[in-house]
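S.K.: Starting from the known structure of chain A, arrange chains B, C and D on it as the hints suggest.
4 protein chains.
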Amino acid sequence: MSPAKLKVGCAGLGRMGKRHALHFLERTPRAELVAATSPDEEELRWAKEHLEPFGVKLYKDYDEMLKQEGLQAVVIASATAVHAEQAIKAIEADKHVLCEKPISTNVEISQSVVDAAAKKPHLKVMCGFSRRFDASYRDAFEKMQSGLIGRPSVFRSQTCDKLDPTGFFVAYAEFSGGIFVDCSIHDIDLALWFFGQDAKIKSVSAVGITAVQPDLRKHNDRDNAVGLVEFYDGQIAYFYASRMMAAGQEDSTEIIGTQGKLTVNTQPASNLVNIYEPTGIRREIPQHYYDRFEHAFVTEANEFTTACLDNTPLPLDLNAAVRAVKIGCALQESLISGKKIFFDEAGNRVERATL
Amino acid sequence: MSPAKLKVGCAGLGRMGKRHALHFLERTPRAELVAATSPDEEELRWAKEHLEPFGVKLYKDYDEMLKQEGLQAVVIASATAVHAEQAIKAIEADKHVLCEKPISTNVEISQSVVDAAAKKPHLKVMCGFSRRFDASYRDAFEKMQSGLIGRPSVFRSQTCDKLDPTGFFVAYAEFSGGIFVDCSIHDIDLALWFFGQDAKIKSVSAVGITAVQPDLRKHNDRDNAVGLVEFYDGQIAYFYASRMMAAGQEDSTEIIGTQGKLTVNTQPASNLVNIYEPTGIRREIPQHYYDRFEHAFVTEANEFTTACLDNTPLPLDLNAAVRAVKIGCALQESLISGKKIFFDEAGNRVERATL
Amino acid sequence: MSPAKLKVGCAGLGRMGKRHALHFLERTPRAELVAATSPDEEELRWAKEHLEPFGVKLYKDYDEMLKQEGLQAVVIASATAVHAEQAIKAIEADKHVLCEKPISTNVEISQSVVDAAAKKPHLKVMCGFSRRFDASYRDAFEKMQSGLIGRPSVFRSQTCDKLDPTGFFVAYAEFSGGIFVDCSIHDIDLALWFFGQDAKIKSVSAVGITAVQPDLRKHNDRDNAVGLVEFYDGQIAYFYASRMMAAGQEDSTEIIGTQGKLTVNTQPASNLVNIYEPTGIRREIPQHYYDRFEHAFVTEANEFTTACLDNTPLPLDLNAAVRAVKIGCALQESLISGKKIFFDEAGNRVERATL
Amino acid sequence: MSPAKLKVGCAGLGRMGKRHALHFLERTPRAELVAATSPDEEELRWAKEHLEPFGVKLYKDYDEMLKQEGLQAVVIASATAVHAEQAIKAIEADKHVLCEKPISTNVEISQSVVDAAAKKPHLKVMCGFSRRFDASYRDAFEKMQSGLIGRPSVFRSQTCDKLDPTGFFVAYAEFSGGIFVDCSIHDIDLALWFFGQDAKIKSVSAVGITAVQPDLRKHNDRDNAVGLVEFYDGQIAYFYASRMMAAGQEDSTEIIGTQGKLTVNTQPASNLVNIYEPTGIRREIPQHYYDRFEHAFVTEANEFTTACLDNTPLPLDLNAAVRAVKIGCALQESLISGKKIFFDEAGNRVERATL
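Chains as they are written, first to last, in my numbering: chain A, 4 to 358; chain B, 4 to 358; chain C, 4 to 358; chain D, 4 to 358.
Just chain A, with the same shape it has in the complex (with noise of 0.2 Å):
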């Protein structure tokens, strides 16, 4: 008899929802997807085609998923403004959890999350940031750890995405928290994972520009937008982040040590395909994050399986999702009020740092 499989249930099937659903089905072999549900009349459609032939229950209700029996975990992909409810309710019906990112846009809501996992020790509870699992940003990470490059000091990183000329930046922003918690949370997340979770934030401050989409305006959001975030004990980030690259999603990230710097996909490519043509020497680059990232999400279902029916940890800590969240939402608010904010040692906002 073959070992057991974890049975895990889908929340919501919109783009990433139905991506994760089709990794636990098809890609993570230690895995079956048994459930899935969406509110969502089309989605569901969609599942019936794609998932019930191979035996996955369809939930309109997640409610109800929760109950199915034999359910052992749950990956929530709905919109982010019920991942934290979602979230909880898994855990408290005891079941592991792999909620996309951000938790929240909201700080004390993600803590709300960790403090219900905190209750139930037993059960995995993971903010999926696809880049963790990433094998660039892994061998990087290794690189660094081995000091190979010195005491990691300034750290750069962006997410830019393509050009969306139908005005969907527009509409998203309303509920996405804002650029910095929508796309920089990623590169927020990448400066914890380097510098340490602990770092403690002494200081951000954000300025950006409506280049392309004014309307974002309305919503309290900027088209590109650049901020500085300076921690305690020497070490600062910077972030770029766009809506409006030209050739595709460029999310690229700098670690500078004091001994050494490594780049990853500072020099984008699809592929390993170079076009020579009287213009000159061309390569495509990927269009969308999942492009990019399709094989790190891919890994972040294989090893949450694992530790899962393992029971070994997780590769990140719930709490660090929750301190990139803070950071998302005090450099949002500096971008908007053009204010410098200031915390102490502790993490409480102060007027104005004593340097």
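Be aware that one or more of the hints could be misleading.
Which copy? The list can't say, so a pair holds if one copy fits it or any two copies do.
As the list claims (entries may be wrong) - List time: in silico SDA-like cross-link candidates among lysine to any residue, alpha-carbon distance up to 20 Å:
1) K51 / D64
2) K122 / F178
3) K221 / I339
4) K51 / E177
5) K63 / H222
6) K342 / R352
7) K122 / D236
8) K123 / P318
9) K70 / E88
Hint data in this document are derived by calculation from the structure and do not stem from the laboratory.
M.R.: Below, chains B, C and D without anything else, positioned relative to chain A:
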């Protein structure tokens, strides 16, 4: 009830056999590995631990495996010397066949597999030229097909292995068929793909050296070789194969057309990391062909499965595999004899081509 | 008879002074170096050997050199502290002036040179921002001007020196004006070039650390700093300056427009050589700014000469140099005070920008 | 008084002649251009405007120029057909000679120049293989010399021109000596540099096509050709030459040693700019060889001057130039005849090499 899956048996559990077995076990959603065979005790021990717990039946004898009820397809990853025999037996037992390259180091034996397959047109019989399944090569091929580079005219390709100081390649040379049949066979297959598999050879010539492994001469082999292939119809291909790369596996290709050029992997890289250190900027590269082509092998398994289950055409024609062996053998002969070899338009060897 | 050449004197024969002297002596066909001055004995000894044999008259005293008959132009490459004074004296003596950057580390003193020059409109007075003469920056500028990237909106630029473990930078910091005035001044000048020198600053803020040279704090300086500049009109620039690069000089720039992006030197390289070795593929990069910008300095000398001889416009406006110093000083102040600094549209500092 | 300068005359004022003339006029501090000659009216008109005003005396007749008093050296940039004759006349007139490549398209005529030079050992006579003066090739050579890649064993090099749809190359082929003598001569010279100019040829073979210019066949030429050269002593070189590159000039080289590899220009680029646009990331590349090698030509002029003035050894041996022609002619013959050509260790052609 879930749709039926293709029941696959794996013959040979050496380095590539293990990988094929695991691909069909874990990474081919529409297939299930149901059997595996090896005459080698140590390989069977590995299978006992890694395959048997998942319901895979193990055999010491290939013929026994073929009798397993319900078995539909066989992947042949045994020693090259038995590829053809096992393939023919599988065909006779009415199994689909995915055979590792080359079918044989001998042209006639290779042809005998084609002949056997021709009698069972309902079977899918494929020689696994992994690069045909690589995303970058496919992208290049599609771009060429779309007319982006005009008529492909010159083809340069190389298969270059990392230096292995253990002497492995010397022992291996006894059975490999020589560097052109073992390594360049991939490049030759690519040339036939990009130029069209009906491209007629006009001449081949080759030279080579033993720069690091003089003992290769015992087996009429070389550690570095360059081959030139001229086709009727105004196309040329040239190949480089080596066993002494310092940095890692360097498999690269250029397709030069009348209006542009496509390159694949002319700037090798393991991943997206760059290391800045006092000696400069460095990137690591794949160490072995599997590091480079892992995803291609997985795609190969999935597409073979699809063709078998849905009775759709295979992505490559078995005849091309024989043609590749023919060219590889001629290059190897020229390498050793020092003579240029000529062919007439019917493919027969002639003393001297008329120009 | 050959056409007349511009008679040039060189003030200062330190590291850059020697280079400027040799450029005008050997690599500026329409100019001839006729005089050179330095208060330093060792520098004069060098000049005795390398300049005097070619007819260059040497002076210990700058004022004496200015009196040399026929002298038409002066290149000022002395200590920054005397740039402005020497420039003003040269202008008063009716000489064209090419002054090394910055004119001064002080805004008012910088302005005094502009004022002096304004009284002699027949003279060519230029501050030598070498990157303006670099072929790659010019190519990027022309491509932007042609509309290739739409409206330039975000500007990222860095000037990063190789780590110098001798402590040179600590001593140098006493007079350099700080890392933003010494290093980032180039990036600021580039921002003013690409955004237009009339772009109005709205705010600046900066943070920095001393990762490798804590003694820099004695001179209110840092070894790594990031600065953010916001312009009225919806444009932002951000700068990184460092004294601790491991691999060499890393000066790179991105100009991000509404329809595309241009990068300069985001993949640094000394030359066209790649080294394949067991640790991977490596390339070397320039070690110092002169390795990177040598040709730009030669172009600068030639174009300055042409403007003087033919009375054609200089390629950069002296006013931009003052604006660059103003921004650099504000960033340096913010770096040390930790405060964000705001300006109104007239360029005056205000307590808090209205947004 | 300034040190004396080398007085140089320039023979031929076509495309390269103009450049050589200007290099010696403006960019060779220790030389002065004093004379120039061309039989062509239009070229002389250009010289009247660009050279005469600077004191350069013009001649319609080469022999007259040689008589100019004080003339010390001649740079020969006339039609290839008169290179040898002009070189011999200059040698006989006791002038140093810098002759454009190739000395002749004929081996014996090339040798006659060597013989003439041998009688005047006080003269500096050099064939201008510009790549020997290129900073990247020199860096690669020094790295190889230092042992970085072990023993150089395989040499790959290509000279590939941008497609010129005007038909220029067809007319040019009448006198060029063919693609191997015109283009690959540079690669052959590089091979002799990196392998040692005494490397003994064992065999050559070549194939080629006319992919875009069928009329080249009238002149026994091809627009794409690949050549293989085998040396006694276990080294091989292979060359590709083309007249149909889409993107621009693509001259690249690989030197593969037993312990590493060096590449030159395998990722061509005009400058340090990258363009990000909706079709991907693009860089431009040099359009012509002068775009790529301008600085090498200037270095060549300066080093030739130094050798003449200081009586120091030239950086390349004239004998190597004859050997390069010999190999180029053999490759061209093999290209047309389709036959492999063999040599014994003494350099004599033999019917069939003994292996």
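S.K.: Of the hints given before, which are not true for this structure?
M.R.: 2, 4, 5 and 7
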